[in-house]
Every structure is written in C-alpha cells, then in structure tokens.
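Q: Take a look at the letters that make up each chain.
2 protein chains.
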Amino acid sequence: MSIVDRLAAARGERPADLILRGGRLVNVISGEIYPTDIVIHDRHVVALGDGYSGEQEVDLLGKFVAPGLIDAHVHIESSLVTPPEFARAVLPHGVTTVITDPHEIANVLGLEGMRYMLERAKHGQLNMFVMASSCVPATDMETSGARLEAEDLAPLANHPWVLGLAELMNYPGVALGDEGMLDKIALFGDKVLDGHAPAMSGKLLNAYVAAGVESEHECTTVAEAREKLRLGLTVFIREGSTTRNLKPLLPLVRPENHSAICFCTDDRIPADLIDQGSIDYMIRVAIAAGVDPMMAIRMGSYNTARHFRLKKYGALAPGKYADLVVVSDLRDFVPEQVYRGGVLVARAGEMIGERPPARRLDLRSTVNIRASSLDFRVKAVAEMIRVIGTIPHQVVTEHRLERAKIVDGFAVSDVERDILKFAMIERHRASGNLGLGFVKGFGLRRGAIAGTVAHDHHNLAVIGADDESMKTAVAAIVEMGGGLVIADGDSVLARMPLPVAGLMSELPIEEARRQYDQMIQAARALGNQMSDPFIVMSFMGLEVIPKLKLTDLGLVDVETFKLVELFV
Amino acid sequence: MSIVDRLAAARGERPADLILRGGRLVNVISGEIYPTDIVIHDRHVVALGDGYSGEQEVDLLGKFVAPGLIDAHVHIESSLVTPPEFARAVLPHGVTTVITDPHEIANVLGLEGMRYMLERAKHGQLNMFVMASSCVPATDMETSGARLEAEDLAPLANHPWVLGLAELMNYPGVALGDEGMLDKIALFGDKVLDGHAPAMSGKLLNAYVAAGVESEHECTTVAEAREKLRLGLTVFIREGSTTRNLKPLLPLVRPENHSAICFCTDDRIPADLIDQGSIDYMIRVAIAAGVDPMMAIRMGSYNTARHFRLKKYGALAPGKYADLVVVSDLRDFVPEQVYRGGVLVARAGEMIGERPPARRLDLRSTVNIRASSLDFRVKAVAEMIRVIGTIPHQVVTEHRLERAKIVDGFAVSDVERDILKFAMIERHRASGNLGLGFVKGFGLRRGAIAGTVAHDHHNLAVIGADDESMKTAVAAIVEMGGGLVIADGDSVLARMPLPVAGLMSELPIEEARRQYDQMIQAARALGNQMSDPFIVMSFMGLEVIPKLKLTDLGLVDVETFKLVELFV
Numbered sequence: 024m025s026i027v028d029r030l031a032a033a034r035g036e037r038p039a040d041l042i043l044r045g046g047r048l049v050n051v052i053s054g055e056i057y058p059t060d061i062v063i064h065d066r067h068v069v070a071l072g073d074g075y076s077g078e079q080e081v082d083l084l085g086k087f088v089a090p091g092l093i094d095a096h097v098h099i100e101s102s103l104v105t106p107p108e109f110a111r112a113v114l115p116h117g118v119t120t121v122i123t124d125p126h127e128i129a130n131v132l133g134l135e136g137m138r139y140m141l142e143r144a145k146h147g148q149l150n151m152f153v154m155a156s157s158c159v160p161a162t163d164m165e166t167s168g169a170r171l172e173a174e175d176l177a178p179l180a181n182h183p184w185v186l187g188l189a190e191l192m193n194y195p196g197v198a199l200g201d202e203g204m205l206d207k208i209a210l211f212g213d214k215v216l217d218g219h220a221p222a223m224s225g226k227l228l229n230a231y232v233a234a235g236v237e238s239e240h241e242c243t244t245v246a247e248a249r250e251k252l253r254l255g256l257t258v259f260i261r262e263g264s265t266t267r268n269l270k271p272l273l274p275l276v277r278p279e280n281h282s283a284i285c286f287c288t289d290d291r292i293p294a295d296l297i298d299q300g301s302i303d304y305m306i307r308v309a310i311a312a313g314v315d316p317m318m319a320i321r322m323g324s325y326n327t328a329r330h331f332r333l334k335k336y337g338a339l340a341p342g343k344y345a346d347l348v349v350v351s352d353l354r355d356f357v358p359e360q361v362y363r364g365g366v367l368v369a370r371a372g373e374m375i376g377e378r379p380p381a382r383r384l385d386l387r388s389t390v391n392i393r394a395s396s397l398d399f400r401v402k403a404v405a406e407m408i409r410v411i412g413t414i415p416h417q418v419v420t421e422h423r424l425e426r427a428k429i430v431d432g433f434a435v436s437d438v439e440r441d442i443l444k445f446a447m448i449e450r451h452r453a454s455g456n457l458g459l460g461f462v463k464g465f466g467l468r469r470g471a472i473a474g475t476v477a478h479d480h481h482n483l484a485v486i487g488a489d490d491e492s493m494k495t496a497v498a499a500i501v502e503m504g505g506g507l508v509i510a511d512g513d514s515v516l517a518r519m520p521l522p523v524a525g526l527m528s529e530l531p532i533e534e535a536r537r538q539y540d541q542m543i544q545a546a547r548a549l550g551n552q553m554s555d556p557f558i559v560m561s562f563m564g565l566e567v568i569p570k571l572k573l574t575d576l577g578l579v580d581v582e583t584f585k586l587v588e589l590f591v
Numbered sequence: 024m025s026i027v028d029r030l031a032a033a034r035g036e037r038p039a040d041l042i043l044r045g046g047r048l049v050n051v052i053s054g055e056i057y058p059t060d061i062v063i064h065d066r067h068v069v070a071l072g073d074g075y076s077g078e079q080e081v082d083l084l085g086k087f088v089a090p091g092l093i094d095a096h097v098h099i100e101s102s103l104v105t106p107p108e109f110a111r112a113v114l115p116h117g118v119t120t121v122i123t124d125p126h127e128i129a130n131v132l133g134l135e136g137m138r139y140m141l142e143r144a145k146h147g148q149l150n151m152f153v154m155a156s157s158c159v160p161a162t163d164m165e166t167s168g169a170r171l172e173a174e175d176l177a178p179l180a181n182h183p184w185v186l187g188l189a190e191l192m193n194y195p196g197v198a199l200g201d202e203g204m205l206d207k208i209a210l211f212g213d214k215v216l217d218g219h220a221p222a223m224s225g226k227l228l229n230a231y232v233a234a235g236v237e238s239e240h241e242c243t244t245v246a247e248a249r250e251k252l253r254l255g256l257t258v259f260i261r262e263g264s265t266t267r268n269l270k271p272l273l274p275l276v277r278p279e280n281h282s283a284i285c286f287c288t289d290d291r292i293p294a295d296l297i298d299q300g301s302i303d304y305m306i307r308v309a310i311a312a313g314v315d316p317m318m319a320i321r322m323g324s325y326n327t328a329r330h331f332r333l334k335k336y337g338a339l340a341p342g343k344y345a346d347l348v349v350v351s352d353l354r355d356f357v358p359e360q361v362y363r364g365g366v367l368v369a370r371a372g373e374m375i376g377e378r379p380p381a382r383r384l385d386l387r388s389t390v391n392i393r394a395s396s397l398d399f400r401v402k403a404v405a406e407m408i409r410v411i412g413t414i415p416h417q418v419v420t421e422h423r424l425e426r427a428k429i430v431d432g433f434a435v436s437d438v439e440r441d442i443l444k445f446a447m448i449e450r451h452r453a454s455g456n457l458g459l460g461f462v463k464g465f466g467l468r469r470g471a472i473a474g475t476v477a478h479d480h481h482n483l484a485v486i487g488a489d490d491e492s493m494k495t496a497v498a499a500i501v502e503m504g505g506g507l508v509i510a511d512g513d514s515v516l517a518r519m520p521l522p523v524a525g526l527m528s529e530l531p532i533e534e535a536r537r538q539y540d541q542m543i544q545a546a547r548a549l550g551n552q553m554s555d556p557f558i559v560m561s562f563m564g565l566e567v568i569p570k571l572k573l574t575d576l577g578l579v580d581v582e583t584f585k586l587v588e589l590f591v
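Line by line, the protein sequences give chains A and B.
So that you can map any letter, position 368 of the first sequence is 391 in the numbering used here, and since no number is skipped, the others follow by simple counting.
So that you can map any letter, position 560 of the second sequence is 583 in the numbering used here, and since no number is skipped, the others follow by simple counting.
Please keep in mind that the hints were generated in silico from the structure rather than gathered at the bench.
Identical copies go unnamed one by one, so any copy, or any two together, can satisfy a pair.
SDA-like mimics (lysine to any residue), calculated; alpha carbons at most 25 Å apart, straight line:
#, residue 1, residue 2
1, K334, G212
2, K226, R44
3, K334, G196
4, K145, P522
5, K226, E80
6, K334, L199
Since this is a predicted model, take the numbers as computed values, not measurements.
With the hints as constraints, model all of the structure from the sequences given.
A: If you want it as structure tokens, here you go:
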C-alpha cells in the first residue's frame, strides 16, 4: 500500500478498499451538507463522488457522515486508565484524535512518563498527539517527581507526534518574561503554544499573548472569552467533569468567530466518559442550545485540526485520513458508526473487536515512602489554625482561621466541626517531607481517605478523622504502589490500585469505573457527602489555585504565593 | 530589542515604540470592527487596549486599521522588475507580504535564480516567502535553462522563507503518480503544496488532490471552483493582468465557505500594479460587488496566512508583526497609510523614503545564442502548414491548417493574411536549437517583435514579417543580454533591456512601465492591434496550454502532447 495505490484507487483504476455509499457528507470545508459517495483506500479518503467500485461497499441509507471528532486538550491520566483504555472509552463516542498534555505523569516520571504515554498509544486505534508539558513542577513550593527545563524538552521538539508546548500554566512567569519560560517558548516557537491563564486580563494578558501563546481553555465567562479571542487566542471551550464551561460560553459562538473556537474536555472521569461521552456530548449540548450543527461539528473537528496544523485530520476530502462518524440525526448527533483510518472501530456505542494484547512497558516504582516512620502528630503552639475550606463544585478554596481542637498538647481532627487533619506526603524521592494541615468540608465521621492523585505534584494526600486510619490508608497505598484507599482504624475498607505512576489503573475502563464508584460509596458510608471526594482532595494540594493549599512543604497562601505557618 | 522588551511594553512598564490611537480595528480573528488603540514595539503588535504610552503616538481619527494584505500566489518576474522594485509597487497598495513562486527565473537559472530572488528580497520592506518551483522544465518538449528534480530542491525544504512546493503544474503527472512528482511531494510533505490544474475535474481531480495538493488558483467558473473547494482545495481567486477571474468567481464566496478562499494576482504587469493595484484592488472589487468587507479583507490577509501556516502574519493581535493598512472608508478600501513591522512605509499611495542601495548580485549571462549563424528560412515540403491561431484575451490557441505562402521554394510570412513567421531560439546553452512555425493574429505589416520572456522555458521568441527584421531583433537582444526588441529591416525601433535572466529590468518600476508602454506603441505602429503583444507572444511557446504551441524543438500539438511537423 502506498500513495501510488491510493492514486490508482482515486482514478478509479483499481477497486478501493471501501466505499461508503448513500450518505450525506458534512463537508466542514465548504460548509455544505450533500449526498456523495466516500471512497476509502489505504487508510485515506481518496475520492468523493460517483462511479467508483470497492472491495467492500456499505450503504449508509441517507445517514450523515462527519469527520472524526478531535479533543483539543485532554489529560488522559484523569480518566484513571491508560491510553488504550481511554481510547476504548472515547472512540465509540466518535473521538478519533486527541491532543493530550501528559502533564500528570510528567510531574511524576518526567520524560519517562511522557514516553510511556507515547508508547502506550503506539499502534493503537486512537490518534494521540502530545503537547510537551511546560510547567513541571508547577512552582518551587512543592516537591514533584521531575523537573523539566527547556533543555530537557528539546528531544521532544521534533518528535512527529509532538505538536508543541502544552498549557503555559505559569502565566505570571510568561507575562513577566521569566527566562526559563521564554527558553521553552523559543524551543517550540515554530510549533503550537497552548495557554492556561484563568481570569487573566488587560495588560498582563496582552503580554502573555505577545509571548506567542495561541490558545486558552480556562475561560469561564463570555466576557473573558471575548477579550481573549479578540487578542488572537483560539478559545478552547471546555467541558470537563468538574469544570463545566460549555453552556456559559455558548453565547460567545457566532458564525463570524466560530473558526477561532474549539472544543476540549481537559479532565473527565471514567463515569462521564462512558455515560455522557466526550466531544460528541459537547456537540449535542451546543446543538440543543441552538448552535448550527455545521458550526458545532467544526468546533469539534475541523477548527481543532486547523489550529494544530494537522492537515490530514478534521475533514473528509481526498488525501485526509478516513476518520469519520456516522449519525442518523444531525441534531441528536449520536455516533452510530465510527471509522478510524477507514476501519470500522465502533458501532452503536460499543467497540468492535477484542482488546489488543498490551505492549510490555516497565515503569519504575513511584511511591517511595517509609510508611513506618510517619508521624502525623501536630504539636499545638497556638490556639488558632489556618483551615482549608472547600467550596462545593469549585477548586478554589477558602482561607479560614479556626480554633484548633487540642488534646494532650496536640491539634487533632474535630469531626463535630468537620475540621479534619490533612497530610501531604512526598512520595517521589523518599525525602520524608510531610506537609500537615486541616481541611473543612469532607465530613468524615471516622476513618480516612488517601490517594496518590494530587495535582500537580501527585504526592500522597490523606485526610482523616484519626491518625491510625490515616496511617493504615497510607500503608495500603504504599503496598499497592499507588492508588486510592479508604481505611478505618486498622482496616482497609476499599482500595483502587493505580500502579501506573500512582495515577492510572491497568484495568479496563468499565472495571476502573466500578472500582471508583465503590470508593465513593465507601467514603459516603464514613460521612462524606461530596459527589466525588477524591477529585476534591486531588485539588487541595494545587498551590497555583487560590486561596489556601497544602503541599509536602506545608501550607501555601496562594494570594501571597508564600508558604505560611499552620498556627496563627 | 527582544521578546523581553516587547513583554515589558505589553505590560505597560516601558513606553512602546508607537501607539496608533483612535482607529477602528478590523479584527479578522473575531470578525468584529471596534475602536481600540494598537500598541507596537520592536516590529510587533504587543497590545490592544487602553492605558499605554508610546515614544511616538499617532491619532488615526476614527479610520479603519486592517492587517497588511497578503498575495497568496504571485510570480514577481511578471512585473518585469526585481523584488525591491516590485515591493515599491505593491507596498503603497497595502500588500506587505507575498508568497511567490520564482518559477520564471528558475527555468532560466535553476537554484541560482531562486537564490537571486531570495537575496534581492533580503532586508527589504516586503515580506517575501517562496514556494519551491516544482515543474522545471514544464515538459521534455522544450529546452530550459535548468532541470530541478527532488534532490535539487532538497536544500530549500528547510529554508526559513520557503513554505512549500509551488504550483504542481504537471497535474496529469501528479494524478497519474509520476515518480518524480511524488518524490517532490514527499520532500515537502509536511509543508504547503500549491496546485495548478486548470479545468481538471472528476476522478483525475480526486487523484490530484489525494496526492496532497492543497490549493488551486486556476479556477475560471463557479462550478469548477465549487468542485475543487468541496474536495478540500483552498481556492485562490486570481486577478492577474490577463487572467481575470475575480468577478466570475465572486458568486462562490459565502460566509460559510470564505475561510477556504484567498486572493492572489499570479501575474501582473507594471502598469496594472501601479494604476490598479494588487490585492487591494481585489478587495475593492469584491466589496463593490456586495461581498461583506470583513470577508473580503480576510480573503486578502488572514485566510492566506492561515493557509500557509504563517502564524505571525495576517491579523493584528499581540505577538503578530505590525503590518497594517489604514483606510478611511471600508467600502472604498484605499490604503492611506501602510505600516510594515511597525514602520510607516507608504502614505497616500506613495512610498516613503529613498530607494535603498541595491545589494550587489552577479548573475551569469543567460542569452547564449550565436546570432550570426541563425537561419530562419523554411524550405517548403508541402503546401499546407499548421498555424498557431491566437484568440483574443486567452492563452489557449487554435490549431489551424492554412495554405503556405511559398516564395522561391521557401515558406514565408504572409502579411496580407496575417500569417507571420514565428521562431523560438534556444538561448540557455547555445545548442543551436531553433523551432520554426507560423502564427496568426499579430497583424504586423512589417518588422519584427522579439523577447526573452516566453513561458516557461523563456527561450527567445521572435515573430516577424521578414527574416531580416527578425535577425535584427535577435541580434539586439543578444547584445542587451536579454529583453524585448522591435525592429524593422536593419533598424532597431525600440528596446527594453531585461538583463536579469532576460526577464527583469533593473530600472525603477515607473521607468520600466514607461519603456514597456513605448514597446507596445512601437508594435502598434507596425500594425499590431493587441493591447499587449509581448504577453501574447510569451504564451505562444507554453506547450502545456492547448492547442498548438512552438518550442525550440518545434511545434507541439498539446492535445496529443506530441511534437508535430510544420507541413501537413
């Protein structure tokens, strides 16, 4: 198979591999929908039109054929499964290409982590492109598993699957001309530069964009998105599991600006991927809200391919890859058939074919903690303590001052007032670093929850009603080599191993989803009322989002960007 | 000056070089027009918005500010002047960037010719990007000055000013999978591939596009353009001096497809560039015909930059180059001020500032003919001859059969029936090759016209009423080292030296234009009634355009793609 064969098939001089007859093409290039046969050979669309014959011919009975969908920005690690399993979740939803930032695993394993993701995607059924993670670690007020400077990223700059530099989260650094950030931008200057600048505005935003940033997925209001779009940023509208910006941002979308807007999911948990979907879900919501289907489909395919200069993706025309979805009703937009590279990979929401055997990949251990020597006691040196206050459905927190519950000279969890002890244990280098604090909102009456998913450093976070439960949970995680645990006293109530960097399960996504649901149930039994306490906990250590957070180095006042004492 | 300075200016922490205040920005990204200050520093736009101060501040008094215009496809050689003079012609018209195919000089001088164009553009005021000429020579039925295969073009593939592969004119070769063409396409596979496939349709067109071609500038009808656009080709609407496709194609343009349409000029003579303009002219004509100004401006700037993946061009936003035009009335669209890289380069249709001193560049002689040994006599071997029949305002010709005027056993020009002798003299290698034929339509009652501009091989073409005039004209051209001549008997009536490859003058474009006008006047005095006999003659040797053409190897029947005898 080669270009020579494809041209022969395009000329009609040899039968094509496959002809999709009788469909109505959603031509995202010309903006028209019309009946045409689609001629596919050697993974590519080779022709549109009549008079061809194929080895295989499929009658689409008047259904609509749209390009395979593209997710402009997603952290696959948030699905809690590895790329092949993530692929099996999104392909039935019509997503055939993703642009991923392997930011979570890069914080744990550095380049080795990024290479793991690339290796796992190889020969898979999903087209996975990578943006090189730009901010590892997020700040110097944490200990991550790796530090990536421009010279470390250099080997990725000409990798065929690496499209550019991932979300530049150190937005003050970029706008202020931080040398390390500018070095990274220079390294990827002729590639694509993704942004991340929540609520940035005015002069600082101008500087951020002037540095070369090309996109933004953190907009939450139309006014914010409009300012950014006018400054030349492509707006990626995001609909993650927690960050749901689609409906608020849809009023931004207009015929005259929609070519500068794309769709992305950023972070989605298994249940949402399976039950709700991905980019297909966003297209459905947009159409239901009144967006023209052509525009909605473009934002989920063509616009993203253009933004990332992926010339063989995102549209159906000769020379493009035959990645496509078939839907009966453009308004429902439920993918009934999904082709990737001219091969039917999913039908009626289910993958076709067995899982391929996993490629063998060895990763080093990423949970390096001497559990026996941990001491969670907090010696009381004053009466008042800082407490991280959770806010429902937000990742920002309150910075509260509360009277400590002091027993025998030590500050302890106070379940009556829902002020629970919170520890962040460095897990990459066995440094013994241990950050201790208190958090309000988790509602545990007893026991502890713990996990190695804690953005972005992914140290081991544990919240508990008593020190024994916390130690039990930590020991269980160490034994598993990473994962999520719920413990009560000396008993482990539930566990979910995440052996891949402490972030991802090796199970099929359906099983991972069941395990995860059980973890949430078990937390509920201990008194937690959140829809997902593990996600909430995972953001309590992210010291770039206000107001008060806990890293392995201690409490961070994000507003002053400084480490602060627990007692005040 | 560096990115660090630019970011400081964007943050407002230092005065910017220049602030354009009080204008209305044509924001081609968001599709909006609104008042905003434009902050410029170190060649770039660094900010849009209020509260900045500048070393220099200009009040635009409510005028409109649009991005600098971009010509998607132009052969600069057709302006008959070198790149710096071409720049002085188009910059006052708001064209700040061109994508050029140095196809004419490449046929004469190969890579050396392309390098000449790049060198001549260096440090100039016009942004000139190059597409590597893909079809040198056009066919094997001619002798050109160079032959460029994939391996010859390889040094250009990573040149920072080379964006891809120029118009793939050997469209049957591409569609049929010619190995040499596919080698070139593979070499530039991750760059931009320009097309050229006049009237191609159906299966062959599908194959041509499937090979990777991305654009088309040869459309003459809406139906043709619609078929090509649907297959994924970006349509470059062309308005050259002879090929005027704009008005016929405007009905194609719709809000939902215009982002796949760009404007180009292809070939424009000096008079048209000076009097009419370039892309600005196309924008004016489009708006006058009812196209929304935003769409018209996008087709002349932003769309082209996106097509060629020029991320710092074609829009005004932080991080882009400060190339812009100021107009008082969006519907008139007459550029009053033109900035390139933040510097005012033209005002009220005139360049600001003197010509910079020319960079010294030595090119080898390109007119290698032993004039004394030429023999234009045509021994009559039959009564009927093939005659090339010109058609007004077209580059295609008739393939006529006429009775020859025979004198003393030789076929000669017949001024009464307007059948004139036509010779094509190989001029690159002194091979002595001489193609002889007859042409109808030039109307010379006496004398001869000759020139070294003859697409695409650019051999020396001469048409005359008698052999002596033809010899005089050829000798004068040899003496000048290339150019255009009109002779009568042993007298040279008018001459225009084109010392650069026999294609370009070294004079200022205004003087070149006057010389050229005088040449046309002189031809008229001899009986020619065409608006431009030199352009018409220059296409009489182009053996890839039907029906009958003459190269240095003889007459070519383009429909059978074979050399044929003069006598039948």
